[in-house]
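Protein chains in written order, with this note's numbering: chain Y, 1 to 775; chain P, 1 to 153.
Hints may contain errors.
Some chain P residues flagged as far from chain Y (calculated, every beta-carbon gap over 12 Å) [stated by the list, open to error]:
#1 Glu-13
#2 Asp-23
#3 Ala-46
#4 Arg-57
#5 Leu-61
#6 Asp-73
#7 Glu-76
#8 Ala-116
So the derived list for chain Y, only partly shown, Cβ under 8 Å to chain P, looks like this [unchecked claim]:
#9 Leu-412
#10 Gly-720
#11 Ile-735
The hints are simulated quantities; they were obtained by calculation from the structure and are not laboratory data. What you are looking at is a predicted structure, and each value in this text was computed from that prediction instead of being measured. Think of the CB as a built atom: it goes at the ideal place given N, C-alpha and C, for glycine as much as any other residue.
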Amino acid sequence: MTTPDPMAEIRASFFVECEELLEALQDALAHLAEAAAEGGAADPETINVAFRAVHSIKGGAGAFGLTALVAFAHGYESAMDALRAGRLTLTRDGAALFFRAADLLADHVRLARDGVAEAPAAAANLLDELGALCSGDGPAEAADEGDFVPLALPFDFDAAGAEGEATAEGEAEDEADLQAKADPPAGWLVRLRPGPGFYASGNEVVHLLRALAALGPADIVCERRDLPDLADLDPEAPCLGWRIALAGDVAEGELRGLFDFVEDRADIEVAPAAADEAEADEAEADEAEAEPPPAPLEPAPAPASVAAPAPPPAEAAPSLAPDTPAPGTAPAPPLPAQGIAPAILPTPASAPAAGGVEAGATVRVDVDRIDRLVNLVGELVINQAMLAQSVAEAGLPANSAVATGLEAFMMLTRDIQDSVMTIRAQPVKPLFQRMARIVREAAASVGKQVRLRCEGEATEVDKTVIERLADPLTHMIRNAVDHGLEPPTARRAAGKPEEGTITLSARHRAGRVVIVVADDGGGIDRARVRAKALERGLIAPDAVLTEAEIDNLLFLPGFSTADKVSALSGRGVGMDVVRRAIQALGGRISIASDRGRGTRFSISLPLTLAVLDGMVVRAAGETLVVPLSAIVETAALAPGSVSPLGPGMGVIRNRGSFVPLVDLGAELGFRPPLDDAAGRIVLMTAQEDGSRAALIVDEIVEQRQVVIKGLQSGYGRCRGIAAATILGDGRIALILDPGGLMPQPGQRLPSGAAPFPPVPPPPEFHPEPRPAHAG
Amino acid sequence: MTDNRIADSTDLELLSFRLGGEDYSLDIMSVREIRGWTRATPLPQAPPYMRGVINLRGTVLPVIDLAARLGMDPVEGAARNAVVVAQSGPRCVGLLVDAVSDILALPRAELQPPPALAAANHGFVQAIALVEGRMLRVLDLDAILPPAPAEAA
């Protein structure tokens with residue numbers, strides 16, 4: 001609290017945690033909604049997860065004085081609590097409301113992070129709605145709102161503060177000891193012993209005690225047996241325990257529920273009172289011997305440093321001293337004789353089990369650091385390639401020490417690279433969850449019922465790819481809701497359920513990740529698309545277009561500026577922008593539509609933007625790298641195996657289908673087309689959509705891993721070139737994008753090939769062609 | 001912008017180089033380094049002035065043939081040619097020139113705006129000056145760089 005930095009850090013990590021909690025919340029809600037839709041009962045554990053997420057956000061927000069966030073989270077939590085307690089059954093509309101509340105909670109968190117104090121506009125309304133949903137428990141809940149005003153937590157770790165904190169905390173805890181000692185009637189005996197990390201995680205015993213006291217008459221005794229001498233005291237380690245005898249008829253579940261958030265940070269025993277009475281008395285006697293209870297202290301006034309004074313917790317905790325100040329804020333009382341001086345050094349004795357508790361198995365690392373690591377590893381790979389080349393040039397035998405050492409080095413480099421890459425990889429789940437929100441909002445604004453099905457959320461993709469995918473995906477999802485799905489009446493007329501389904505899926509395929517956005521709407525009305533394109537002058541009136549070519553008209557820039565084609569056939573609003581964004585990521589987008597059954601957009605993206613396995617080839621004197629993932633096989637062309645198909649165009653037969661032949665050197669403009677392809681080496685490439693092509697190259701040099709270096713933007717995008725890399729000799733080689741090399745139907749009208757027949761990747765090897773090098 | 005620069009009274013430091021037997025120059029503040037010519041990897045379907053890309057300590061640097069860009073015969077691409085590495089904002093580019101000649105400081109007052117007729121020049125020349133009886137053209141780097149494509153949203 002004295003230095004701003006630690007606080008800022010804690011604050012930042014709070015917001016990171018919020019992201020995770022919001023994700024968990026979304027997840028839980030999705031499950032609940034699923035259960036509600038199917039009419040089944042909600043899984044209590046799922047409700048708990050959702051509840052805990054909201055509660056933790058509220059708790060953390062309270063610690064940072066984010067009042068707007070606390071207020072909203074509190075209202076939300078109340079509704080959630082009603083759900084948990086079974087007072088509320090989640091209906092479909094209720095689930096929708098909960099989702100909206102979760103979205104709004106995310107907005108709150110974002111605003112709070114950006115330092116905006118006020119609440120998003122819709123907050124109050126939504127809270128009312130939530131209140132109405134679970135009306136009946138509103139007033140009771142409102143009472144303990146005071147619990148969550150900002151608390152000054154003992155985060156102050158500097159030396160001068162520590163002594164004061166420690167003693168102040170001790171004092172505050174003593175107050176719990178001063179509770180009126182009514183005769184303990186039969187009930188529950190609860191032992192609470194905060195473990196390491198209890199206070200540091202923002203928990204507070206006073207709240208627990210108050211909550212306990214609210215359940216019934218409670219006799220609270222502080223156990224100070226383990227309290228070390230002041231000299232040995234670790235100011236940050238909890239060393240007090242509490243024994244609470246709770247009278248009255250309280251369900252064990254309710255009792256344990258209070259400790260939901262602390263059970264992993266404290267030892268908690270709950271037992272029927274009678275069984276433990278003897279032991280308890282003994283313990284009390286023990287304590288009395290050890291130290292006479294201190295004289296009651298006047299409640300200390302909260303010092304000015306507290307952001308807001310803790311208000312009296314009035315009705316919440318009748319058996320507690322009304323003015324209990326928040327621990328850590330009370331000035332240190334004068335202490336008896338024993339020296340205070342060396343109180344700072346933590347001693348093992350006072351921090352039992354401190355070493356035993358791991359801070360979890362994950363570490364949060366700044367993305368910049370990872371990026372630097374990735375870059376360095378990239379350089380390492382280039383360097384290693386250069387080294388390998390010079391060793392080869394020096395003519396050292398393959399079994400020499402240098403060569404074997406280099407081999408090991410190469411494997412190590414590869415391992416490092418793989419590991420670094422996995423650090424950057426992240427599941428697409430958060431992205432998909434954002435899309436779920438887009439679906440909800442878009443559906444609400446156009447008055448359609450839409451369900452989003454997500455598949456393959458665990459698919460991992462490079463962080464950069466995920467980040468840059470959000471915008472185009474948002475656009476596509478909105479399009480799907482707005483134009484893809486028909487209005488409910490039309491759906492009913494078509495014999496479909498009124499609720500439209502949008503499927504968002506991700507999976508790995510051919511070393512890339514394929515993301516599909518599919519709807520079960522009306523599909524593309526090709527006649528209208530064509531008419532619109534004609535009207536806009538995008539195609540010639542007599543152009544003969546295949547269905548795929550018509551579909552691809554949607555990606556034309558001119559098309560996007562069109563006013564909505566119609567609710568039925570729409571699509572194409574800004575699809576050119578989507579396509580550009582996907583291409584900028586080294587990806588491709590394709591479209592497939594079935595009239596009356598829906599439309600599918602498939603995006604294929606590279607897994608990472610940093611390295612790739614490639615085959616180094618030469619064509620027309622230039623060195624090029626072809627991504628290995630795109631190569632199915634390599635072959636030498638036998639004379640007569642090429643069937644001409646129009647000028648400058650040929651196909652070869654491969655596995656029962658015709659594959660168009662592409663002369664790489666000519667296609668890239670490096671040399672005029674070859675007269676005779678016989679005897680040439682071809683690389684058979686296959687795309688995610690099944691299209692294939694045979695690329696003529698002059699020579700296959702080697703297979704190696706290359707570091708992708710982006711071509712600077714601003715020099716135009718070269719068709720067929722994905723990026724560049726630096727070879728061992730320091731020269732730059734271009735990385736080919738075989739899919740981009742193909743003529744795109746609708747984009748470049750038939751000077752080249754017709755769309756390739758979709759052929760599934762061959763299952764096994766053909767005897768005739770020569771095998772690829774490996775892998 | 002051009003006018004402001006010229007109106008400034010302080011000296012302008014320029015890196016001068018030769019292209020097709022004439023003298024050209026660039027504001028030295030935009031020049032990062034000068035390298036000898038190495039063969040560039042050509043880019044397919046690139047405009048003729050785009051010589052390709054070279055490896056500049058691990059980054060891919062596009063190289064523009066400045067002579068071709070200004071509508072003259074392309075630079076030969078021999079060992080004596082030089083690549084001037086220049087930076088404009090985030091963009092970095094290599095400019096292939098015949099030879100680098102000198103670094104000179106000129107009072108801004110001596111710079112004249114190019115005559116209006118030179119509009120055919122695409123605004124590549126930002127100013128001209130007389131230095132030892134020879135005409136020195138000061139190039140506008142931003143005009144030389146190919147236009148950036150519209151940002152993909």
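Report the numbers of all earlier hints that the structure fails to satisfy, in ascending order.
-> 3, 4, 5, 9, 11
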